[in-house]
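Novice: As given, the protein sequences belong to chains G and A, one line each in that order. Counting along the first sequence from 1, when you hit position 51 you're at 51 in UniProt numbering, and nothing is skipped either side. Counting along the second sequence from 1, when you hit position 38 you're at 38 in UniProt numbering, and nothing is skipped either side.
These are computed hints drawn from the structure, not numbers from a lab. The structure presented is a predicted model; accordingly, all values stated were derived computationally and were not measured. Careful: at least some of the hints might be erroneous.
What the hints assert, rightly or not - Per label pair, the in silico range of CB-to-CB distance:
id: 1; chain 1: A; residue 1: Pro156; chain 2: G; residue 2: Ser65; range: 16 to 26 Å
id: 2; chain 1: A; residue 1: Lys237; chain 2: G; residue 2: Asp31; range: 49 to 59 Å
id: 3; chain 1: G; residue 1: Phe169; chain 2: A; residue 2: Gln102; range: 14 to 24 Å
Ideal placement from N, C-alpha and C gives every residue a C-beta, glycine not left out.
Protein chains: 2
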Amino acid sequence: MRRDPQAVFAARMHPGARWLPFDQLKPLIDDDRLGWIRRSDLADEALEIFLGLDDGMPRFAAAMSAEGLDGEARDVRAAAMTLSPADAAIAAHGRSLVDWHQRHGFCANCGAMTALAKAGYARSCGGCGAEHFPRTDPVVIMLALDGDRCLLGRQPQFPKGFMSALAGFVEPGESIDEAVRRELHEEAGIRIGRVAHVASQPWPFPSSLMIGAFAEAETTEIRLDDDELEEARWFTKDEIHAVFAGNGPVNAPPPMAIAWTLLRTWADN
Amino acid sequence: MRRDPQAVFAARMHPGARWLPFDQLKPLIDDDRLGWIRRSDLADEALEIFLGLDDGMPRFAAAMSAEGLDGEARDVRAAAMTLSPADAAIAAHGRSLVDWHQRHGFCANCGAMTALAKAGYARSCGGCGAEHFPRTDPVVIMLALDGDRCLLGRQPQFPKGFMSALAGFVEPGESIDEAVRRELHEEAGIRIGRVAHVASQPWPFPSSLMIGAFAEAETTEIRLDDDELEEARWFTKDEIHAVFAGNGPVNAPPPMAIAWTLLRTWADN
């Protein structure tokens, strides 16, 4: 539908069409649910992005002030704790696209102004005609494994008492496995053998695709890159079970994080 | 090293330092090897990107004219047939970074001019101070499987007689598995159950990360999206064996393509 301007125009006119306002990137939340509004409440100057159909009903994100509307504009990550998983995913996805539009008003190729295109899934340049698409940055997040032990680390900005799987951006020219090996070597000095893909999930803060993996450690001595990590150490399965039970030596990542899936999958097997 | 301007300056002065010229994105090739040059042959105005260390010797890409140098500037994909796999990967990676710099002279956020930073792994804006990094676009490429049969398709721009695994960009807000399911449903009308990750590889034309997967088909009736594919059909394992033997009904993807790995892995198991 996004490629068809007439279909998107018709979708906007559909009586079941709804818009989710994003005010300063914060979605409107009303009583722990998304604050969808009707066309009559849409601000004239709102930037609109087509999100898709929900049971045949068109859904849009709208960058606009939430003043005077029912509910409250709330930070997506804080709201994710109380929204349903489906609503949290919509809020995060909409926020990511609105953010991208607001930071891509100009063409990287020629510097001219760009305009929203393809119902919000592209911007086109008025100068050189280049088309720009939202980026999705692949990130590897991996649990280095040494038999009954797994490696967790602490970035300086983590909350106190919290450790998680190591992670880093896939760089141009790398495969996923190469990125896993490079990151564990750079950040913790660990050499890795086999890499196994576990799962992936979008993490739209602002636009990551988290790719979770297990990585077999061939060495275990930790050499920290102080710029990236302030601590890293090996944890036994018993310690991780204790972490999940709430009485471990550190705090576990929240269930919405893929690091949780990695730890849970490993600890339960 | 890229974060340390003094280290990169020292690397440039290293007697073993070499530069690979890219003329109009074409690397210098001399007698089926990369045409590395010394600093004395480097053009004054060359855009330089630090690629890394080869056995302790610094290596750079240099966007500059190749006129007067030994060898010939050649298209990366054509040259990949005769270069060693390691050299082909360096040429493709360098081309991808040069291309990105040349198309990102301006800041998407404010429209001001940007300058090369971090030894070529970033550009920074002289106006608003935003930092921009090369993008890596995750692409799923997958073999839908129905027992003894796999699905191949033909994009309109493919060479005659050539079919391959279906593929498409991972969109913002999706996981890898969701992208696999969406693409196969949109392009061929096939419903997918389980998805299994097989392998990944960079495909820097201009900047893709190809993520290869097997996808269990739950339906087999093909409904083509004419905008994307001009043909798609199921092939038996016997047919794929014949394709690899050079007497099949279509031509196989080249061994450097991940589609080859997918087909080979499936057919040999």
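Novice: State for each hint whether it applies.
Specialist: Status of each hint after checking the structure:
no. : hint                             : verdict
1   : A:Pro156 to G:Ser65: 16 to 26 Å  : 45 Å, violated
2   : A:Lys237 to G:Asp31: 49 to 59 Å  : 56 Å, holds
3   : G:Phe169 to A:Gln102: 14 to 24 Å : 22 Å, holds
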